[in-house]
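Participant: Take a look at the letters that make up each chain.
There are 2 protein chains.
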Amino acid sequence: MIESAIKLSVRDVADFPKLGIVFKDITPILKDAELCAEITKALAEQLAGIHIDVVAGIESRGFLFGMLLAQALKVPFVPIRKAGKLPSKTIQQKYELEYGNSTLELHEDALLAGQKILIHDDLLATGGTVIAASKLVLQLDAEVVAFSFIIGLDFLHGKERLKPFSSNTFTLASYQ
Amino acid sequence: MIESAIKLSVRDVADFPKLGIVFKDITPILKDAELCAEITKALAEQLAGIHIDVVAGIESRGFLFGMLLAQALKVPFVPIRKAGKLPSKTIQQKYELEYGNSTLELHEDALLAGQKILIHDDLLATGGTVIAASKLVLQLDAEVVAFSFIIGLDFLHGKERLKPFSSNTFTLASYQ
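In order, the protein sequences belong to chains B and Z. For the first sequence, position 113 matches number 113 in the numbering used here, and the numbering has no gaps at all. For the second sequence, position 139 matches number 139 in the numbering used here, and the numbering has no gaps at all.
Some hints here could point you the wrong way.
Identical copies carry no separate label here, and so any pair may be met within one copy or between two of them.
[Claimed, not checked] Result set (BS3-like, lysine-lysine): computed pairs, CA atoms no more than 25 Å apart in a straight line:
#: 1; residue 1: Lys41; residue 2: Lys116
#: 2; residue 1: Lys41; residue 2: Lys135
#: 3; residue 1: Lys85; residue 2: Lys41
#: 4; residue 1: Lys31; residue 2: Lys135
#: 5; residue 1: Lys74; residue 2: Lys18
Calculated directly from the structure, the hints in this document are not laboratory data.
The shape of chain B in the complex, shown without the other chains:
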């Protein structure tokens, strides 16, 4: 039910960010306050039974529901950002994207050793960004206990690539 509501709302944008890519635009979801509340509730419910100390959200779209999810779970939120954005001392992780490459950063005091981290982003594609985020979490001796996404592009097999980090990968709407 939530899956069909999400799929009805998501807008496909052809050739963004480059030719041949069909981009899943979630901005129509953000315009629907009730759907946003339902998504937040569903994201939290999927995680029932998993102990989570911190929600880490990936810049920028992972900030949107990442904060809502952290508040729903009543746990801290930690931003994982693009290079040069976090002001204090950071650790870095380079990664390749479906379309280009980039670097993610995390404040070196963002997590405590042993904390159980949920990594959230809006969409799981090939998993490259999320793997880089996971490596940042591991660099700080914290543990990745689950991944949470609104949308999963299952045909890109990201879930399999995330398994070495955690087999708890949740999506609300998946495209085969």
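Let chain B serve as the given structure and place chain Z on it in line with the hints.
Facilitator: Coordinates of chain Z only, in the frame set by chain B:
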């Protein structure tokens, strides 16, 4: 009370993003789930009596509490993003920052003519970014009814520069 809690939590980072700037780092706030809930409540309470159709949040840090605020007010959220990030057709506005210059974009179908928009960001400095965001709202024939920030750097006089757009500028913690 919320002001002192915010000020106790915010971390000053010297010389970021460049020499001579003291950056107000809000990441310690994000680690405190209870303080985040109080901030969201306080942001919403400041706006009591003002009719708001949409919360527009400025990338990236304006996404964090922008979504929480939109959910608290039960209204749509619209992201205002850096150039090249929004996938569908956009309008653009260039602006100068305290330290550099940039371009903001808004989907051309993000707002309806006549809608009453609250613009949210984490921090008000000179107001350059927020003025560009306001111009985007006006380009779509919508109305800026208020500005909402967690932190105001009052010594930079941003509030005065925002007056031509709206005199309803709210901050939770201000630095003189």
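Participant: Against this structure, judge whether each hint is valid.
Facilitator: Tested hints:
{"no.": "1", "hint": "Lys41 - Lys116", "result": "within (20 Å within a copy, 28 Å between copies)"}
{"no.": "2", "hint": "Lys41 - Lys135", "result": "neither (28 Å within a copy, 35 Å between copies)"}
{"no.": "3", "hint": "Lys85 - Lys41", "result": "neither (30 Å within a copy, 27 Å between copies)"}
{"no.": "4", "hint": "Lys31 - Lys135", "result": "between (33 Å within a copy, 20 Å between copies)"}
{"no.": "5", "hint": "Lys74 - Lys18", "result": "neither (38 Å within a copy, 35 Å between copies)"}
In summary, the structure is inconsistent with hints 2, 3, 5 from the numbered list given earlier, while agreeing with the others.
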